[in-house]
Every structure is written in structure tokens, then in C-alpha cells.
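Chemist: Sequence:
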Amino acid sequence: MSNFRHILWIIVIVLYTVRYTECHTKGLRPKRRSGGGKLLTPNMTQTQYSEQQFMKWVNFVGTLKHSVFNTAQNKLFPSFTLTVDRNPATGDFTSIQEAIDSLPFINLVRVLIKVHAGVYKEKVNIPPLKSFITIEGAGADKTIVEWGDTAQTLGPKGQPLGTYGSATFAVNSLYFIAKNITFKNTTPVPPPGAIGKQAVAFRISADTAAFVGCRFIGAQDTLYDHLGRHYYKDCYVEGSVDFIFGNGLSLFEGCHVHAIAPFTGALTAQGRNSLLEDTGFSFLKCKVTGAGALYLGRAWGPFSRVIFAYTYMDNIIVPKGWYNWGDPSREMTVFYGQYKCSGAGANFAGRVSWSRELTDQEAKPFISLGFIDGSEWIKL
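Just so you know, the sequence shown maps onto residues -23 to -1, 1 to 357 in mature numbering (1 follows the signal peptide of the UniProt record, and there is no 0).
It is worth saying that the hints were derived from the structure and are not from the lab. Beta carbons: idealized from backbone N, C-alpha and C, even for Gly. Each hint should be verified, as a subset may be incorrect.
To be verified - Dumping the calculated DSSO-like pairs for lysine-lysine here, alpha-carbon to alpha-carbon at most 30 Å: (1) K98 with K210; (2) K341 with K264; (3) K317 with K297; (4) K210 with K297; (5) K119 with K210; (6) K341 with K262; (7) K119 with K100; (8) K356 with K341; (9) K341 with K210; (10) K317 with K341; (11) K91 with K264; (12) K356 with K100; (13) K356 with K317; (14) K210 with K262; (15) K356 with K210; (16) K98 with K119; (17) K297 with K341; (18) K297 with K262; (19) K100 with K210; (20) K119 with K91.
To be verified - Derived Cβ-Cβ restraints for the label pairs, each shown as a range: (21) F325 with I172: 28 to 38 Å; (22) P239 with G173: 16 to 26 Å; (23) A115 with N250: 36 to 46 Å; (24) P305 with H93: 44 to 54 Å.
Let the hints inform the model, and build the full structure from the sequences given.
Modeler: Put into C-alpha cells, the structure is as follows:
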């Protein structure tokens, strides 16, 4: 019965995708290079090419065991590679959003989108059913995606976008990977007390996402680690206030976090709302530098959880380390800890009494991939 349900589900997906193939491949044009690098046949129409690409996808899915869709791992399947270049003669698409829009409405195989060097001024959104997408740049200093919306920017319906909608690049689908690319919100650092200046560079609102060698650049609310389990490896994050925030369960390993607040800023604002939520941020073997004065975190959620382990902290860290968000009751429920950190800003002597200097046993759950169940899904 279980196998029958799997087969039926695949048939439904394929039939549904056939219905929408033409409109979702409209970005694929004749006389351009295909994902495999081959020139399109000059006399092939757009409809014929779309049908050909779709059948390749169907045939590939047919070779997979049905169980894959329950146990899919975050690895590169030998499927499609698309290229993005601002020069239409050297890429399949001239924008990242066009490449994403060309994929089937429901995507179930790994697709690699290679983004050539350049500055791409666009706002990108990956919808929930387009999973298994990898975005790979030519280098974080060479491939940049940027936009400048804030929370008070008006959307299509004339209403403010809000923090959620301000993101330059937003991901809502499972098994996303980004490598060697910069995500930037160009909004400048707001003055102290400014309203509506939250400006997200990147928002991840789905489970099992990994980022390697990426840069996230902004000011207030740079990286919205909204929901799900995430892994950041050798990344750079820059901002001023709450510039890594959200309610994800995320491990930052070997990352460089840089503060640019002219006066006082905060690195994290973790939003864990109850003791039952398995969320939190762990910074492992990272580096914290910058200017001004910086809190390690603010208790956005009453059960906020953040840990720094084996991390270098510059002398910009406020001695108290943590702020209760103006609510003393949160001091009883948050979990803020340090473990074997170094640098002038790592001195635990001045920390608030409700933070912790972790023992070996207390630190153990937070300093490996096990914190995010990473061995189950991280296959880079």
C-alpha cells in the first residue's frame, strides 16, 4: 500500500507539471545554450525545446527509487545545470529569477544554477515547491546579488513590505544550497531609533539549507534565519543591529561576523518562544570583529538560545555581553553561553549573571553537526 501511494503521488506530480510546463519554461529561448552547454537546434521552436527539456526531467525522475522522495539527501544529483550571465550571449538567462522561474512548478531533483561574475540588481524569491536548488557564484567577491528594500518600502498592493518582505533573496523551499556568492541589501546603516529601516539581505524560511563561502551584507536585520535547520560554513555576515536573527536551528562554523554599528549594536536576536522549541544559534570557531560597541545578542524570544564556542571576539563586545530586550523575566528563561572563546571581547568576568560559561558536558550538544542533525542531510 505504501509503494502504491508513492507511485500515485509521482503520477499526480508529473501530470500537474505537464500542465504547467510551457509557462514555467518560458525563459528558455531558442538560439541560446542549454544547461548542458550545447547550442539549441536553430530550427527548434521554444515549445519543442521546452518539451524536450521536460522529458529529460521526467526520464531522470523515473530512474530514481520512489523511496528517494522520503529520504532525499542534500547532494548534487547529476541533473540539470543552468547558467546566469548578464550577457545574454554567454548564459541561459540574464537574471537568477528567470532561471528559477524556468524550473517545473514542483521540482524534485537537484538543479545547479551557476551565476557568472557580475552584480545582479534583482529581488529573488524561490517558492516552496522548487526544492533541491543550488546557487553557485564565481566567488563571493565576484558574484553579487543586491537590492535595497526596507520594511517600510511599499509593495505591489501599496502596503509596507515589512521585515519579512524586505529580503533581497528569499528561500522558501527545502534542500537549498548556496556557494561562493554575496547577498546584499544596499540600505545604509540607519540612525539610532529609526523606524522601519529593517533591511534583510537574505531570508531562509525552510528546512535543510546549507551555505558555503557566502557573504551576507546589510545593516539592520541582515540575515533572517527564519525557520528550519541550517548550516553556514566559512561565511561572512556584516551588519549593525540584530543582523543575525530569527527562530531557526543553525550552526555557524568558521564564519566571520563583522559589526558596522557606529554606536551600539547587537549581533543576534534569536526568537525561540518556548522551552519545547528546538531552535537556537551556535557559533563554532568563528570570528567577531568590527566597530562601535556590540552585544552578543538580545533576547528577542523569551527562551532565546545562543552559544559561542572556540570563537575569537574583538574588543568591541560590551562587557555584559547580553541584553534582556527590556524584559527582566526573560533572564530566567534564555540560554546564553560561551565555551573556550578567545580575544579581548571574550572575557567572561563582566558578563550578565544570567549567561553561562559552559562546561565540557554542557557545550557538547552545541559544537558538532549533531546540533542541527547535520549528518542526516548535509551532503556538500
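Chemist: Hint by hint, work out which the structure violates, then give me just those numbers in ascending order.
Modeler: none
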